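Asks: Spelled out, the chains give:
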Amino acid sequence: MTAAIEAEDLTRTYQIGAGTVAALRGVSLRVAAGDYLAVVGPSGSGKSTLMHLLGGLDRPSGGRLVIGGRDVSTLTADQLAELRNKTIGFIFQTFHLLPRTTAVDNVALPLVYRGLSTRARRQRAAAMLGRVGLGHRLGHRPSQLSGGEQQRVAIARALVGGPSVLLADEPTGNLDTATGDAVLRLLEELNREGVALVVVTHDREVAARARHQIVLRDGRVVDDPQR
Amino acid sequence: MRLAEAARVAAAGLRANRLRSGLTMLGVIIGVAAVVVLVAIGTGTRQEVERQVSGLGSNLLLIFPGEASVTAAPTVSRLTLDDAEAAARVVGDRDRVTVQVTSGETVRAGTNSEFTSVLGTLDTSLGVFPRELSRGSYLSRSDVDTARRVVVLGSTVAEQLFPDRDPVGRQVTIAGVRFRVVGVFAPAGASLGVNRDDQVHIPVTTAHRLLGTDRIDAIAVQAPDRTRIRELGDRIVAELSQRHPETEFSAVTQEEVIGVLGEILGVLTGVLAAIASISLLVGGVGVSNIMLVSVRERFAEIGLRKAVGARSRDIGVQFLFEAVLLTSLGGVLGIGLGVGAALITAALSPVPAAVTAWSMALAFGVSAAVGIIFGVVPALRAARLDPVAALRSE
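First to last, the sequence lines map onto chains Z and A. Just so we're aligned, residue 1 is where the first sequence starts under my numbering, counting upward by one. Just so we're aligned, residue 1 is where the second sequence starts under my numbering, counting upward by one.
So that you can see chain Z by itself, here it is in the shape it has in the complex:
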């Protein structure tokens, strides 16, 4: 089975003023199709940087990265954008919903960049919102939704394009324990239906739920215990 994402010796360095900062210093991992992986580490360990690379939102400074069977070093910016649109679903700690837009239009956003008509987009978005249990909240704006509901809208948005990988960066970070738990259960349910799930977190308990864990410290993998 081809892996959804394959990363070999990834590095990412930034120029800050006169010097350079190495956020990642050679990370390798493999996200198999349908896998459930946690990337865990303290803040500053480079886990967000890793997630951005795995999602094709950023380019590595070195190393080999293959997403959805395509080597990112061969792709233009526009091609990467298309890859993100079709293969990846992002879920952020702060949800990143468009504030003046209804839930259904928020979920439909990725389909805009696929050129679908408004009606087709809204149909698929409504179906996805139903899947995450918010079929009755289509016309609500984010300010009218609770934190947990907002994250579920974000999950629906991540799913609407039929991606092969969901990348969740601290998905429960802004939620209370009970709500966060419900969100994780939803994500795990979706994972069982076939989409690979990578959860980036600093919380060991959250990380322990995954099938595999990768521990990062200072931009390097320090531990890779298999469950």
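In short, the hints are calculated from the structure, not lab data. What you are looking at is a predicted structure, and each value in this text was computed from that prediction instead of being measured. Errors might be hidden in some of the hints.
[What the hints assert, rightly or not] Listed next, the in silico DMTMM-like pairs over lysine to aspartate or glutamate satisfying Cα-Cα at most 25 Å (straight line):
id : chain 1 : residue 1 : chain 2 : residue 2
1  : Z       : Lys86     : Z       : Glu193
2  : Z       : Lys86     : A       : Glu246
3  : Z       : Lys86     : Z       : Asp71
4  : Z       : Lys86     : Z       : Asp218
5  : Z       : Lys86     : Z       : Asp176
6  : Z       : Lys86     : Z       : Glu205
7  : Z       : Lys86     : A       : Glu5
8  : Z       : Lys86     : Z       : Asp203
9  : Z       : Lys86     : A       : Asp386
[To be verified] Facing chain A, from chain Z, some residues (calculated, C-beta under 10 Å):
id : residue
10 : Ala77
11 : Thr101
12 : Tyr113
13 : Gly161
No residue lacks a Cβ here, since even glycine has one placed at the ideal position from N, Cα and C.
On the provided structure of chain Z, position chain A as indicated by the hints.
Replies: Frame of chain Z; chain A shown alone:
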């Protein structure tokens, strides 16, 4: 499809902060309105001037010494009545030719007096420059031949000197010399800046004696055939040049006058429009400014859109559209405001204003262009944003 979506998103973006969008639009609205009004005034003035010149008769030919150029210095006239007679011979009809010599003098009647323009002219004047008389009759050929001291008063002068009596048959003095009033003009208004009601006509021969000169300022001809008017003008000028080899003469047709005036006023209109465009430019800068602020405020949104698959081009188009929508809407409102102001100006003041379809189309085009030009920088800023940095800025 993506364009329709971009338009929808742009409209939503503007609606998000109505006050800010409205205030930014105000700059464009005022700029466009200013351009529309000033162009309307320029156009209206030109149309009015052309109308007045046309009203003089399309067969009119004016002959005077010197170059027919706006920038040339006036030439001292050495034309005399003999030259006018020579011109009449070229034309072949004495009744179609008249002359003019002007001087400013005081006209008195009893205790009333008025400083006015005294025109020495021929009996044929009414034929070449038709005007209506309200009383009495015009100068006659015999008046001219005998240099009779008779005068026809303009309506303003008549009212000033004889406020409650019929002036015909009464005496006035012009520059101290006694004249008899034989006629009064009906009010005619201004023509090409000359107030024809503040004038008096006397025979040119009498004027020569009064003013101690024998010069003529200009010869006017009603050409018998419009299609050969240029040729006639050239022949008259040739004849006069022969008689006065040291002087250059010009023959100007009414069409040429319209042409020159039209050109001058066209340039003037262009200058007015350019000045008004400065305010539109300022409005455009305001749009640029606000769009940059808007982009900065929406960094996270831009990052998110890129994360879900928007290309740089999609983001750039989105923000450019917003700017163009803003200025185009401002353009439409500005055109409405400008047209309204032009119509009010034309109705309530002596300043003419004519709104044309092309000027409105041009104003709209310019407002859209302003949106594109001033929206490019913010749009590029948004398009080039690094999505990772953008998402972090929440």
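Asks: All hints are to be evaluated individually against the structure, with a verdict given for each.
Replies: Tested hints:
no. : hint               : in the structure
1   : Lys86/Z / Glu193/Z : 18 Å, holds
2   : Lys86/Z / Glu246/A : 90 Å, violated
3   : Lys86/Z / Asp71/Z  : 15 Å, holds
4   : Lys86/Z / Asp218/Z : 31 Å, violated
5   : Lys86/Z / Asp176/Z : 31 Å, violated
6   : Lys86/Z / Glu205/Z : 31 Å, violated
7   : Lys86/Z / Glu5/A   : 19 Å, holds
8   : Lys86/Z / Asp203/Z : 29 Å, violated
9   : Lys86/Z / Asp386/A : 20 Å, holds
10  : Ala77              : 6 Å, holds
11  : Thr101             : 8 Å, holds
12  : Tyr113             : 4 Å, holds
13  : Gly161             : 8 Å, holds
In this structure, the earlier hints numbered 2, 4, 5, 6 and 8 are contradicted, and the remaining ones agree with it.
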